[in-house]
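J.: Here is what each chain is made of, one letter per residue.
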Amino acid sequence: MSETANDNLLQLDGIGKFYGKVHALKEVTATLARGTVGLLGPNGAGKSTLLKILLGLLVPSTGRAQVIGFDAASRSLDLRQRIGYMPEQECHINGLDAVELCTYAAELCGLPYDGARARANSVLAYVGLGDKRHLKVETYSTGQKQRVKLAQALVHDPELLLLDEPTNGLDPRGRDEMLQLIRELPERRGCSVMLSSHLLPDVEAVCENALVLAEGSLLFSGPIEQLRGKNTRYYRVGVKESPEAFAIALRALGARADSAQGGLKVELPEDEDPDFIFRCARDNGFQLRHLELEQRSFEEAFLDLLEEKSAA
Amino acid sequence: MKSAITDQKSPIRDLGYKPYDGPRLSHRGRFQVLFRRNLALAWASTLVKVDLILSMFPMVVCAVIMYLKLAAQKRGLPIKEDPGLWVFNCIFWCQIWFAFTMSLLVAAPTISADVRSGAFQFYFARPVSRMAYLLGKVLSAAVLIASILAIPGLLLAIMRVALAADGGDALTQLPLLLKTILYSVLFTATLILPAFALGALSRQPGYVQGGWAALFFLPWLLGEGIAAATEIPYIALISLPTNLRWIGEALFGVPSSHDLAWYWPTGALLLIVGCATWWVIRRLDRVEVFS
Chain A
1 MSETANDNLL QLDGIGKFYG KVHALKEVTA TLARGTVGLL GPNGAGKSTL LKILLGLLVP
61 STGRAQVIGF DAASRSLDLR QRIGYMPEQE CHINGLDAVE LCTYAAELCG LPYDGARARA
121 NSVLAYVGLG DKRHLKVETY STGQKQRVKL AQALVHDPEL LLLDEPTNGL DPRGRDEMLQ
181 LIRELPERRG CSVMLSSHLL PDVEAVCENA LVLAEGSLLF SGPIEQLRGK NTRYYRVGVK
241 ESPEAFAIAL RALGARADSA QGGLKVELPE DEDPDFIFRC ARDNGFQLRH LELEQRSFEE
301 AFLDLLEEKS AA
Chain B
1 MKSAITDQKS PIRDLGYKPY DGPRLSHRGR FQVLFRRNLA LAWASTLVKV DLILSMFPMV
61 VCAVIMYLKL AAQKRGLPIK EDPGLWVFNC IFWCQIWFAF TMSLLVAAPT ISADVRSGAF
121 QFYFARPVSR MAYLLGKVLS AAVLIASILA IPGLLLAIMR VALAADGGDA LTQLPLLLKT
181 ILYSVLFTAT LILPAFALGA LSRQPGYVQG GWAALFFLPW LLGEGIAAAT EIPYIALISL
241 PTNLRWIGEA LFGVPSSHDL AWYWPTGALL LIVGCATWWV IRRLDRVEVF S
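Residue numbers (this note's numbering), protein chains in the order written: chain A, 1 to 312; chain B, 1 to 291.
Derived by calculation from the structure, the hints in this document are not laboratory data.
You may find that some hints are simply not true.
Calculated lysine-lysine pairs in the DSSO-like style (CA-CA distance at most 30 Å, straight line) [what the hints assert, rightly or not]:
no.: 1; chain 1: B; residue 1: K18; chain 2: A; residue 2: K136
no.: 2; chain 1: A; residue 1: K132; chain 2: B; residue 2: K49
no.: 3; chain 1: A; residue 1: K265; chain 2: A; residue 2: K240
Only chain A is shown next, with the shape it has when bound in the complex:
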C-alpha cells in the first residue's frame, strides 16, 4: 500500500499504443494531481484507448502509466480494486435488482457479502435511489440507470472514479443532478474523478483539470483556468480618452484592435508581450486605465487547441 502514498493521480511517461499500423496514442506524457480531471477530445482522439490503459485492460506499446501510485500494466488487478468505472453504455445483469447488482459489484472488488450489501444500500441512498433499490434494473428509466451505474462504480469506495459520458441521455434536470452528484464526490467521498465527455460544459462544471487529446497526441494537460489563458494574445484595454485614436495607433504597429464594451479588445502581434501596449501608450501619449487578459470561454480555448493541432 505504500505505493498509494503517491500524491499524483496520473503519471504518464511516453505512453503510446499501436493497433496494427494505427497509432492510437502518441507518446503521451503528463502528470496530474489528485482531484477532478476532464478527459477531452474529438472522436478518435484516443480517449477510450487511454481509459483502457488506465484501467489496466490494455498494455501500452511504449511508455509506462502509473495511476494512483500503481503501475497500470503490471498491477492491473490491484489498480482496478481501487478504481470505479462508470461506462457510457448500459451495463447491468438481467434479473438483478439495484441492491443485488451493487452488492455483486462490491463482492467482485473483494468486499465480503455482508459488507458489500451494507455498502450497496448506502450508496443507492446516496445517488437518490434508496426507495427504488429493490426494482429490477432493466425496468429503470434512463436517468435511474445512469444513477445505478454511478452507484456500482462507487460501491467499493474507490480512490479514483472514471466516468464515461455520465450525462448521456439525461434530461436537463437529470443532467444537473448527475453533475451535482459528481461534483460533490471528491469532498464527500474523498475520491478523485476523471470525466470523459464530449460535453464541454459538463467538464467545465465539474473539473479543475483537463487532459486534451487529438489524433492520439496530448494537446494540453493542466488546470482548466490555464487552458483558457493558454497562448491567448487578447487583452481588454481601457484608456482615459479617445480609444479610437489609441486603436489606430495600435493598428499602425501591427496589432489588431476593436472597440468592445467601452474599451478596446486588442490582439497582440506575433512575438509581442503586454509591454507592447504600454510602449504604444507611452510613445503616443495615451493614459491607460486598465489592462487585463481576455479570458476565452472553455469552448473557445478547446477549439483553438484543436485548430492549432490541425494547422500544425
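Given the structure of chain A, go ahead and fit chain B onto it with the hints provided.
T.: Coordinates of chain B only, in the frame set by chain A:
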C-alpha cells in the same frame, strides 16, 4: 462556470457515510463470487428448475425396475442383471436430453448474453481476470449439468451396492461409482465447453442456442448415417453424442455396435473439447471490454 449547475438541492441522502475500512478478499478467490452469483441467477429461472426436476423421473423408473429385477433374482428367478448397462442407459439415453436442455439454458447463451447486455464492462472493469470469469461461469453451468448426469447414475450405482447380496458382491460393484463419476465429468465437459465456444462467436443468444443444437444433433444424424452407409466408422467420430456413447459403452462394459477401440472416440472428444477451450480463451482474451 460552476454556476452552470443549478443551485437546486440534489437528491443526496448521505446517511452517515463512512469510508470502507473492512477486509478485502484476495483476487484468487474471485471466481467463487462469479460461480455463486451465476448459479443463483440460473436457479432463478423457472425453466432451469423444471428441467432439473423432470430429469429425476427417469432415474426413479430405472431404480424401480432395477429393484424389481434384483428382488426377482434373489427369489431365484433366472433374470440376467447388468448394473453397468442400467447406469449407462440411464445417463446416455435418458439424461442426455435433460442435460442438453440445461446446456442450452445455462451454457450456450452465457458469453453472448454478457456481451449483449454490456456485462463485460461490469466484470472486467473490476479486479476480475478473464480466467476467473471463465472458471466461475463454467463451474456454475457444470454444477447444474453434472447434477442431471451424475445424481441419477450415482444413485443407481449406490442402490446397486446397497442391495448387494453380500460383501463380495458389494465390492465388485464399487468401481461402478467411479465409472459413473468419470463418465459424468466427461459428459459435462462435452456439453459445456463447445457451447461456451459457440457463445463467444455471437452477440445473439438465440443464434448461439440454435447453433449449439445444430452442432450437437446434425453430426450425430449425419455421422452415424454416413458411417453406417459407407461402413467407415471413423466418420461417426465427428459427432459429440456418438463419441460419448462409444466411450460409455467401453467404460461400462456394454456390448458395442462398432469395432473401434475406446481411444478413438476418447481422442476425438478430447480434441473437440480441447479446441473449444482454446477457442473460448482466445476469444475472451481478444474481446473488447468497451469501445
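J.: State for each hint whether it applies.
T.: Taking the hints in turn, this is what the structure says about them:
| no. | hint | verdict |
| --- | --- | --- |
| 1 | K18/B - K136/A | holds (27 Å) |
| 2 | K132/A - K49/B | holds (29 Å) |
| 3 | K265/A - K240/A | holds (15 Å) |
Of the numbered hints listed earlier, not one is contradicted by the structure.
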